[in-house]
Amino acid sequence: GLAPLQRTVSVSSRPRIVPLLSRRLVHSCTRTIRDDRPRLCTCITSFKMGRSSITIALALSQGHTVAAHMAAGRPVPPDLARAQSQTPSHALSGKGKGPAEVRSVLNGAMEDRHPSVFKACEEFEQTKLDEIASSLEAMASPVMQSIYDKHDDLRSLPVERVRKLRAVEGHDEGHVRDASCAAIATLWSHHLTSAMQEEAKALLHALPLLPSAEREEPHLEDTTQYTCVTGHAGVVGGSDSVGNDNFPDSTLEWPAEVQWNGTGHGPYPFWAGPVTADIDDGAAIQSWWSAKQDSERLDHASCAMSVVGHEDDVPCTHLFVDKNAYYFSQDEEFCCISGTDSLQQSLTAPQTTWMADFTYQGTVDNFETEYYSGTAHNYTLDCSGTAGCGPGNFYIWYLVDTEYRPIEQGEGCQVMPRTSQCASGGSYLYHNYDPATFVSTEIDSGVFAVPEVCQTTTNECYFP
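Mapping the sequence shown onto my numbering, position 380 (from 1) lands on 380, and the numbers just tick up by one.
To be clear, the hints were calculated from the coordinates, so they are not data collected in a lab. All C-beta atoms in this analysis are idealised placements derived from N, C-alpha and C, irrespective of residue type, glycine included. Don't take each hint at face value.
Derived CB-CB ranges, DEER-like [unchecked claim]:
{"no.": "1", "residue 1": "GLU311", "residue 2": "SER104", "range": "51 to 57 Å"}
{"no.": "2", "residue 1": "GLU123", "residue 2": "THR353", "range": "49 to 55 Å"}
{"no.": "3", "residue 1": "ASP281", "residue 2": "ASP312", "range": "15 to 21 Å"}
{"no.": "4", "residue 1": "THR353", "residue 2": "SER134", "range": "21 to 27 Å"}
Go ahead and model the full structure; you've got the sequences and the hints to work with.
Below is the structure:
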């Protein structure tokens with residue numbers, strides 16, 4: 001309901017901010033902004049305290065504080081992992097793809113994660129691109145930049161490449177525009193914390209995608225030619241291993257194919273009916289998982305096969321191939337169909353980004369499993385209620401170690417403390433990964449072969 005306002009604000013004149021800047025203020029920012037929303041004015045300023053360069057994004061509006069904006073610029077573990085990783089995630093890898101295809105993949109990812117924010121590079125005037133780049137530079141994390149400096153990473157100082165291009169006599173302005181869009185994409189993706197990205201969206205309203213055309217400047221030095229496309233395609237700043245399935249990566253995304261061993265706790269099969277299980281007792285699990293083959297296999301040493309119609313509780317295998325799932329005894333004497341593509345909810349192999357919607361809950365100190373003892377990062381999804389996975393309380397959690405290797409995954413009516421009996425919501429079960437065995441590998445398709453007994457069975461044990 002506020003009418004459009006026009007105000008001029010000098011940061012150095014605001015009493016509550018002066019003590020923060022003290023004598024080390026590098027410059028004050030005075031600008032006039034016209035805006036018809038509650039945000040009265042926005043000002044970005046950079047200053048130095050001691051040897052540390054600190055960037056503050058100040059949104060001087062109702063309910064916003066300097067402390068909140070300083071916190072937004074402080075990297076949390078996923079931000080640091082994103083900076084420390086020198087290999088793109090599998091979903092963003094351009095290995096084996098042409099430049100146009102890589103640009104399409106990266107642009108699609110930016111549009112999917114931040115709808116209505118990104119627009120075609122060609123829609124922006126150069127003066128606007130310069131303003132955006134300057135704003136993002138001011139909001140960039142010095143900690144993330146220091147990581148790039150330490151490793152001579154070509155994600156470092158992307159706007160410098162634009163400045164070098166402009167210094168070349170006879171440069172093409174179209175190339176400058178394209179290079180500016182690429183530099184902005186690098187700043188956004190690799191220099192801003194996730195929290196600061198949200199601040200930037202509110203401030204800037206629109207950001208450019210990567211340019212649609214290729215940029216070739218053969219007379220420039222290699223570091224000036226570097227773009228998002230070359231980085232994700234593994235052309236510059238790496239080797240043939242860039243863009244492969246090495247683990248861990250910056251987004252927690254799993255490699256394309258992986259094999260791991262671990263220990264399962266709780267009822268299994270958890271979906272087929274009441275199963276009595278002591279949460280303190282564990283049974284060995286061996287698993288093979290492939291995004292390339294859209295398949296997963298889990299071999300369990302102990303299973304309540306009797307609840308699905310088998311005469312004995314024996315070791316079992318749960319196999320997912322495409323949208324079909326098969327639950328069978330490891331001697332292949334019994335099988336029931338646990339999922340098909342025609343079901344409303346089908347059991348199937350998870351995606352490489354299955355944990356993407358989880359919320360980072362911070363660290364857990366002194367976390368212990370059969371294979372790990374130390375600090376763990378906790379990511380949890382609250383799926384409670386009929387609109388989620390309910391009815392009742394239902395949580396899914398995923399914990400990784402300090403190297404971002406998985407150490408535990410579970411689900412149930414609560415995360416902690418452990419319980420063998422949930423009063424409402426989902427059954428409580430979890431498995432611990434042996435992080436030393438969680439390795440990227442190539443899996444023979446025979447691992448996911450459907451046994452003959454499953455091809456002919458009429459037994460059904462569908463996921464509800």
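Confirm or reject the claim that ASP281 and ASP312 have a C-beta distance inside 15 to 21 Å.
-> Distance hint for ASP281, ASP312 holds at roughly 18 Å.
Holds or violated: 21 to 27 Å for the Cβ distance of THR353 and SER134?
-> Violated, since THR353 and SER134 (Cβ atoms, about 33 Å apart) do not stay within the stated range.
Pairwise beta carbon distance, GLU311 to SER104, judged against the given window 51 to 57 Å | At roughly 54 Å between Cβ atoms, SER104 and GLU311 fall inside 51 to 57 Å, so the hint holds.
Given the hint of 49 to 55 Å, check if GLU123 and THR353 actually sit that far apart at their C-beta atoms.
-> Between GLU123 and THR353, where Cβ atoms are some 29 Å apart, the hint is violated.
Of the numbered hints stated above, those contradicted by the structure are hints 2, 4, listed in ascending order.
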